[in-house]
Amino acid sequence: MQIQGGRSVAKLLNELGLNRETVLVIRNGTLVPGDGFLEDSDEVELRPVISGGAA
Amino acid sequence: MKCRVCRGPAIIDVRRHNANFCVEHFIEQCERQVSKAIDAFSMIAPGERVLVAVSGGKDSLALWDLLHRLGHHAEGLYLGLGIGEYSDESGVYARNFAAARGLVLHEVDLRRDYGYDVPRAAAATRRVPCSACGLSKRHLFDEVARQGRFDVVATGHNLDDEAAVLFGNVLRWQTEYLARQMPVLPAGNGFPRKVKPLVRLSEREMAAYCIVTGIDYQVEECPMASGNSHLGYKEALNTIEERSPGTKHDFYFGFLDRAAEAFRRGLVQDAATLGSCRDCGAPTPSDRCAFCRLVERAGGRLPGHDGDDIAGTDAPVVLGRRERP
Chain A
1 MQIQGGRSVA KLLNELGLNR ETVLVIRNGT LVPGDGFLED SDEVELRPVI
51 SGGAA
Chain B
56 MKCRVCRGPA IIDVRRHNAN FCVEHFIEQC ERQVSKAIDA FSMIAPGERV
106 LVAVSGGKDS LALWDLLHRL GHHAEGLYLG LGIGEYSDES GVYARNFAAA
156 RGLVLHEVDL RRDYGYDVPR AAAATRRVPC SACGLSKRHL FDEVARQGRF
206 DVVATGHNLD DEAAVLFGNV LRWQTEYLAR QMPVLPAGNG FPRKVKPLVR
256 LSEREMAAYC IVTGIDYQVE ECPMASGNSH LGYKEALNTI EERSPGTKHD
306 FYFGFLDRAA EAFRRGLVQD AATLGSCRDC GAPTPSDRCA FCRLVERAGG
356 RLPGHDGDDI AGTDAPVVLG RRERP
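So the sequences go chain by chain: A and B.
Going by this note's numbering, the letters in the first sequence line up with residues 1 to 55, in that order.
Going by this note's numbering, the letters in the second sequence line up with residues 56 to 380, in that order.
So here's chain A without its partners, still in its complex pose (with noise of 0.2 Å):
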């Protein structure tokens, strides 16, 4: 998924329509925090963080 404009995590998730808690957002091998900024070229993963069983 490419996105024109750089942006912060937070507004990044919020335009995905992600929860903060159920993600974390990886630039190059390292966290970025919610007020981080992601430059226009920036390559970003976004882990999710949820798992499933309860046993």
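Mixed in with the good hints, there may be bad ones.
Below, simulated EDC-like cross-link-like pairs (lysine to aspartate or glutamate); rule was C-alpha separation at most 16 Å, straight line [unchecked claim]: (1) A:K11 with B:E297; (2) A:K11 with A:E39; (3) B:K57 with B:E79; (4) A:K11 with A:D40; (5) B:K57 with A:D35.
Just the calculated beta-carbon pair ranges, DEER-fashion [stated by the list, open to error]: (6) A:D35 with B:E351: 51 to 61 Å; (7) B:A345 with A:D40: 34 to 44 Å; (8) B:M56 with A:S41: 14 to 24 Å; (9) A:S41 with B:A314: 47 to 57 Å; (10) A:P48 with B:A345: 27 to 37 Å; (11) A:R27 with B:E79: 18 to 28 Å; (12) B:E316 with A:L16: 35 to 45 Å; (13) B:G354 with A:D35: 35 to 45 Å; (14) B:L125 with A:N19: 27 to 37 Å; (15) B:E140 with A:N19: 27 to 37 Å; (16) A:L16 with B:G189: 45 to 55 Å; (17) B:G189 with A:S41: 40 to 50 Å; (18) A:P48 with B:L322: 46 to 56 Å; (19) A:G29 with B:N73: 20 to 30 Å.
Derived from the structure by calculation, the hints contain no laboratory data.
Positions of the beta carbon are idealized from the N, C-alpha and C atoms, including for glycine.
Go by the hints and put chain B onto chain A.
Only chain B this time, still in chain A's reference frame:
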């Protein structure tokens, strides 16, 4: 965004603590939260031997890593559940983690050692796969802990897990489950102590811990858990948490502080009546334990029942038929 401790660049925001952390101080924070849980609930005494239930996912590997860092003697137990490629891959993550740190990993494989797997058990019992999976795990964790003389079994249940289970139990007023939902279940009647040292840490923090410490874990979710009610409870709680950080913590620890005891008082204590399963020797209120009945329904067999005992295989823990006392 700056680290609350050193004012250096932060890599994670933990909104329920209104705090941000750099890598070093986030790891310290995780260690501190685990130590706090262990101390507050008397989970593990110095020198005790801990068996960590390891799935290859973030929570169990982070737990094992944290217990090791904190100086506990912790060995791992991985159960091969026979859930296709998912199980094949999860075992690789668990073995690689143990090998890289020189830690002892015990393994039990349902298909090899008991002649069934979770998908087959789910089909035979006509219940959701998580039911057969959970029953198998609980039985085998206890069994291996008893045979290996471990003092305690530690599982990677985190704050999100416990809050979601509590939410589900409250929605249906499962009072017996509410009476038993504690971060520690004491040993007794042949069962080892069970502890959940991650109850003060969220699922997001556990994933972050793995990333910053270089723990390679299985990100893919169990294909059989998709759409289960537990995930729905988590989604509902996270919707509230996003608007009101700290809600999950207050919900769960408020229950422990102000309500759990009331449910425990109403619990019928039937543990003293437990006997031994005629097949495996495990504590059970009936003639045969639920696990042995499950194995039979799924078309499996207990080790030693057909001359196909796993003794002699490369399994580090040898499970065999237990004699009745």
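Now the hints, each set against the structure:
At most 16 Å may separate the alpha-carbon atoms for a hinted pair to count; K11 (chain A) and E297 (chain B) meet this at roughly 14 Å. Proximity of K11 (chain A) to E39 (chain A) is assessed by CA-CA distance (about 13 Å); at most 16 Å being required, the pair is judged to hold. At most 16 Å may separate the alpha-carbon atoms for a hinted pair to count; K57 (chain B) and E79 (chain B) meet this at roughly 13 Å. Straight-line distance between C-alpha atoms of K11 (chain A) and D40 (chain A) comes to about 14 Å, which keeps the hinted pair within the 16 Å bound.
Between the alpha carbons of K57 (chain B) and D35 (chain A) the distance comes to roughly 10 Å, so the proposed pair stays at or under 16 Å and holds. Roughly 57 Å separates the CB atoms of D35 (chain A) and E351 (chain B), a value that falls within the hinted 51 to 61 Å. The beta-carbon spacing between A345 (chain B) and D40 (chain A), approximately 57 Å, falls outside the hinted interval of 34 to 44 Å. Against the hinted window of 14 to 24 Å, the Cβ-Cβ separation of M56 (chain B) and S41 (chain A) comes to about 21 Å, which satisfies the hint.
Between S41 (chain A) and A314 (chain B), the C-beta spacing of about 52 Å keeps the proposed range 47 to 57 Å intact. Distance hint for P48 (chain A) and A345 (chain B): a CB-CB separation of about 33 Å, consistent with the stated range 27 to 37 Å. For R27 (chain A) and E79 (chain B), the hinted distance range of 18 to 28 Å is satisfied, since their beta carbons lie about 19 Å from each other. For the pair E316 (chain B) and L16 (chain A), the beta carbons lie near 43 Å from each other, so the given range of 35 to 45 Å is met.
In this structure, G354 (chain B) and D35 (chain A) break the distance hint of 35 to 45 Å, their C-beta atoms being roughly 55 Å apart. Against the hinted window of 27 to 37 Å, the Cβ-Cβ separation of L125 (chain B) and N19 (chain A) comes to about 31 Å, which satisfies the hint. Checked against the hint of 27 to 37 Å, the C-beta distance between E140 (chain B) and N19 (chain A) comes to roughly 28 Å, which is consistent with it. The hinted window of 45 to 55 Å between L16 (chain A) and G189 (chain B) is violated, with their beta carbons roughly 33 Å apart.
Between G189 (chain B) and S41 (chain A) the Cβ separation comes to about 46 Å, which falls inside the hinted range of 40 to 50 Å. Here the CB-CB span from P48 (chain A) to L322 (chain B) is close to 37 Å, at odds with the stated 46 to 56 Å. A beta carbon spacing of about 27 Å between G29 (chain A) and N73 (chain B) agrees with the range 20 to 30 Å that was offered as a hint.
In summary, the structure is inconsistent with hints 7, 13, 16, 18 from the numbered list given earlier, while agreeing with the others.
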